[in-house]
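Starting from the known structure of chain C, arrange chain R on it as the hints suggest.
Protein chains: 2
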Amino acid sequence: MIAAMLRGLELPLELTDLPVPLANKNEVLVRLKAAALNKRDYWITKGKYPGLTFPSIPGSDGVGIIGSREVIINPGLDWGNRPDQFSPEFRIIGMPEFGTLSQWIKIPLTNIYDKPAHLNWIEAAALPVCGVTAYRAMFTRGRARPMDKMLVTGIGGGVATFALLFGVALGMEVWVTSSADHKIDLAVQHGAKGGVNYSSAEWAKDLSATAGRFDLVIDGAGGNDFAKLPQVMNAGGRMVIYGGTRGEIDGLSPQRIFWKQLDVLGSTMGSPEDFKSMLDFVNQYRIKPIISHVFSLREINAAMTVLAKGEQFGKICIEIPGD
Amino acid sequence: MIAAMLRGLELPLELTDLPVPLANKNEVLVRLKAAALNKRDYWITKGKYPGLTFPSIPGSDGVGIIGSREVIINPGLDWGNRPDQFSPEFRIIGMPEFGTLSQWIKIPLTNIYDKPAHLNWIEAAALPVCGVTAYRAMFTRGRARPMDKMLVTGIGGGVATFALLFGVALGMEVWVTSSADHKIDLAVQHGAKGGVNYSSAEWAKDLSATAGRFDLVIDGAGGNDFAKLPQVMNAGGRMVIYGGTRGEIDGLSPQRIFWKQLDVLGSTMGSPEDFKSMLDFVNQYRIKPIISHVFSLREINAAMTVLAKGEQFGKICIEIPGD
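Those protein sequence lines, which keep their order, are chains C and R.
Taking our numbering, I'd label the letters of the first sequence as residues 108 to 430.
Taking our numbering, I'd label the letters of the second sequence as residues 108 to 430.
The set of hints was computed from the structure by calculation and includes no laboratory data.
Here the structure is a predicted model, which means the values were calculated and not measured.
Among the clues, some could well be false.
Claimed, not checked - Taking lysine-lysine pairs in the DSS-like style, the calculated list, with each CA pair at most 25 Å apart, reads:
hint, chain 1, residue 1, chain 2, residue 2
1, C, K367, R, K383
2, R, K367, C, K335
3, C, K335, R, K155
4, R, K153, C, K367
5, C, K153, R, K367
6, C, K256, C, K395
7, R, K146, C, K367
8, R, K367, C, K367
9, R, K335, R, K367
10, R, K383, R, K395
11, C, K335, R, K335
The following block holds chain C by itself, in its conformation from the complex (with noise of 0.2 Å):
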């Protein structure tokens, strides 16, 4: 089978053949028919992510056939028992197991569910990753209810825009803010009211005077610019933090954060109940993810550029070839 394959930190992946992996007791093969990157990707190649291991297998998105069945792969292993946090042994595929940049991947079972019907193989890998880690930011963290008023961060990401695409399908007011005002107008073609550009110094009373107070925050950021959201909070609103690609938080309100009984809250991937809720909601409002761009395993690399530019508005896909 061909496979990309990092063989080292800072190396381009490389096209190889592998012979097809054997699947041990309670594991399935599945036959990949497309993958998506995440920056977890990019970051691996850097050497910014803990317990690597060369070679790997990069790839957490992944979706494929078990025989005729179409299905698509929870990427989170042995979360274990407690929904409130996942356990020590809790890993992502893609590393150190192989990932989904391949043509065949062993998995276990239980990590196999239905791919959404309505989605092509494309529009379903963009779903594992993000759509989970946006899922679980959303409803079991931030207890999102369809008359809550919703910021998106840095709009532009795949968490961010799956956040976006589910609050709008719920009926959601939903607001970003982005450095790039072209994809602020994206997020308003996808159902966004509006948006500001945080690059003004004035970005958060700006958004004030213009979209009021929010009930609920999805930030992936982190930064100096967190310290400005409980401003623009509403009295029991909800922060919720999946990222930190800003680093630390500077100058945050205390007073802000009692005053208002906010609640600033972690969120990291999904539980195994988070994934099913995930399909769920995505099958029951039909959501169709938003794609960025679209490449072979062939052009893998010319992908992985894309990805280290961050320049895209949502997912970046991978289309495994045939035999």
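Chain R only, in chain C's frame:
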């Protein structure tokens, strides 16, 4: 009747003879037997509180009699119907409404509860503001469970000492921080397992090495030490903020918050349900509040001086003289 009146900022309280108030519809008159001070009373004399009006009678904690019924007063007015947040009309007796440093007070009947029978007047007067604040922070917001390990920062203040007592009563393992070693010793005498002095730059590491990690933190300080708390938390832990005496939080890591799936939860005072539940808890576990000082109402300015210095461990209580 005699009452302690505040005629303006930075002035001492003035014992004044006033007519007994008249109860309006749905109000009752309480003949007060004891009151207690809160940091709020100090901030009011310094003008650091919104909506100040003069002249005014401070005091938010009060117990007394209605005929022969021994009662305790819920100091929160017009919380509203939502358990997760108070209404815009919410306020606490003692500003602008006349408070408990007085022989008589008029109060809505719905704010009246039976005084816990196992407490004397002074002990019962210590309960209302700090008891309900600690209860909501720990239970309603922080979801405290008997098997949790809890850290109470800045032990000595009213809310912190109630959190200690509630946790010890429930069988929790409770640790404390303070800038004063003798307050840590006092906390241990009241059932804490141990504590660290946060004057040391290494307090968080020292605490982890001694105590392990925590499921729940009750913090009234904020400031830069708050940013060290995530490293002493277990995954799925809750960090409740009920105050911010040390100001803005710098250097907070979003990675620690999302990876450990922490909850940072603001909490202020409590709803009528919280007040009722706090009294039930105090009765069930026969909690005895920690009393730091007792003054007569005639010595109110000496009491205010102790409050201003912040050297108390537990509550500063006020005996209200008879006619």
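Going down the list of hints, with the structure as the test:
1. C:K367 x R:K383: holds, 22 Å
2. R:K367 x C:K335: Distance ~23 Å between K367 of chain R and K335 of chain C Cα, so the pair holds.
3. C:K335 x R:K155: The given pair, whose Cα atoms are some 23 Å apart, holds under the 25 Å limit.
4. R:K153 x C:K367: holds, 23 Å
5. C:K153 x R:K367: Holds, because 23 Å separates the two Cα atoms, which is no more than 25 Å.
6. C:K256 x C:K395: holds, 22 Å
7. R:K146 x C:K367: Satisfied, since the Cα-Cα distance of roughly 19 Å is no more than 25 Å.
8. R:K367 x C:K367: holds, 24 Å
9. R:K335 x R:K367: Between K335 of chain R and K367 of chain R the Cα gap is close to 14 Å, so the pair holds against 25 Å.
10. R:K383 x R:K395: holds, 17 Å
11. C:K335 x R:K335: holds, 21 Å
No hint from the list above goes unmet by this structure.
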